[in-house]
Each structure stands twice: as structure tokens, then as C-alpha cells.
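Protein chains in written order, with numbering that gives the first Met the number 0: chain A, 0 to 208; chain B, 0 to 82.
Label pairs and their computed distance ranges (CB to CB): (1) 100/A with 76/B: 45 to 51 Å; (2) 70/B with 59/A: 17 to 23 Å; (3) 27/B with 135/A: 30 to 36 Å; (4) 169/A with 62/B: 20 to 26 Å; (5) 13/B with 78/A: 29 to 35 Å; (6) 78/A with 27/B: 33 to 39 Å; (7) 22/B with 115/A: 25 to 31 Å; (8) 62/B with 6/A: 20 to 26 Å; (9) 40/A with 13/B: 32 to 38 Å; (10) 76/B with 133/A: 48 to 54 Å; (11) 204/A with 81/B: 56 to 62 Å.
Source of the hints: derived by calculation from the structure; they are not laboratory data. All C-beta atoms in this analysis are idealised placements derived from N, C-alpha and C, irrespective of residue type, glycine included.
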Amino acid sequence: MEQGDAQLVAALRAGDEETFRSLVHAWNGPLLRVAQIFVPSRGVAEEVVQETWLRVLGALDKFEGRSSLKTWVFRILVNTAKTRGQREGRVLPFSALNDPGRIPEPAVDPGRFRPEDDPRYPGGWSAPPPELPEDRLVAAETRGVIGRAIAALPATQAAVISLRDVEGWSSEEVCNALDLTEVNQRVLLHRARARVRRALEQYLTPQIA
Amino acid sequence: MIDTEPTNCQELVELVTDYLEGALGAGDLRRFEAHLAVCAGCERYLEQLRETIRISGTLTVDDLSPDAERTLLDGFRDWASAS
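Okay, chain A solo, but in the shape it has when bound:
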């Protein structure tokens, strides 16, 4: 078992509340995002997170450290959320996590490029990205726009971009937690970032969109 995990597990087994409290706080956002892939509402996702922690504690003696504690907790969350999602009648399309590239989704509106038969620059920009005003990029309102754009993404994309770009997880951690391949993780991240950039551009330069 990795040393940091061994210390955490030992502290939890010793009944150390502060360790438990810091873990439930630190992983709350990511756990909620991932739960929302499988269940229909934020309220149900919160219940799933609660149930997950109780299951984690119940199974802690069986944690052997073959994966990191974080990965193990997220696997329990995913199982709990899937079961709950089925009970709630939520049907997750198989492709959403396992084959996200099946339905194409261009990063940029094809109308912003020159056609394939353009004599000079086929596939070149006809409407390139406008310059974004620097002063507004640093404004608090812009962070609000990005936060809302992430919240409006399909749940799988929202989970991946939240873990990677908001939480700063590595791609390996995200793949492990969600049981995703590297390629599928990149497809979801790519689409999420492209949509969020689009929202940012539309907000800062509405005349283009």
C-alpha cells in the first residue's frame, strides 16, 4: 500500500474524525460530479455520496492497497451510483463512457472554416477566433461563465473536465477513478474544453456567435 494511503487508512481505523472529515471535504466535489453521471439529480447524487462513504467504512478492512485509496473510493462510488441510477430508471447510454467518439462532435462550428473545395485554404479559418479582451478574462464574472458552462455539459464531460481542470487530477487518476481508457478520457476532455471555450468566446464577443 502506498505510504500516504497506509497512514490515512490507519488513522480511519483508529477512529480519527479529523482524517475522515478532511477526506469527505476534499473529495466531495469530484464524488458529486461523478455520481451525477449515473443519477438524475443533484439531490440523489448527494445521497449516493453519503451511501458511498458508509460503504467505504464498512469495507475498509478489505482495502489491500492494490489501487490507491482514492481510486478504490471512486470505484465504490461508481458502483453505488450505477445501482441507484438503475433504481431511479436512469438509462445511461453505453456509449457515454465507453465509446464517446462514436457520435462525432466538432470542436468548432464547421461553418467557421473554408470549404474543402476552397481553391487556396481548404479547411482554413474563415472566421478565426476573435481576440478576447484581457481585462474581462481576469474578471470574476468570467469565472462564473466557465463554471456555468461546465455545469451545462453532458454529465460525462462535466465529470472529466471537473476532475482534470478544476481539481487538477492527472489523466491516469481520472482513468482509474472512472474506469476509462486514455483515449476515451481524451475524447471527453477535448469535447468539454471545446464547449467551454465556445461559451467563453460567445460571452466575451457575442457578435461572433
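For this one, chain A is given, so just place chain B on it according to the hints.
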């Protein structure tokens, strides 16, 4: 953008994440960077994605509600006293 450049802008925007993730093969990476060096539109696109990622990293995350924390800590105490 120059006429002999095999990567066009529409293709490049689909490779940006692979580029940022270090997942492009040597040939694709060379073509990507060669295109970027001469294309202001694509350079700006990449810059905006980097900006998007940077701002995302400054967002605050949903914290636990006091109610949820209390329920969890109660559960923890029950578990700790039973085990």
C-alpha cells in the same frame, strides 16, 4: 498558413487536446507545430484553450453542506465505536 502545409485549421483544432496531453506521435507533432508557427488563428485558438483551462483551475468546488457533514460524521462515529 502555407499551401504545402498538410494540417489544415479544421484538423488542427481537433488535435489540440492530444497536443496538450502529449499524446501526438512524432509526425503529427511536427506538422502541428509547423502549422501553429505560421497560423495566427490556430495560435489564438490554442491560447484560448489554455486560458479556459487556467480559469477552470481557479474555480471553487462544491463543498459539503453542514447537514451532510453532520450525517457523515455521525456515521463515522457509529462505525468507529462498533469496530
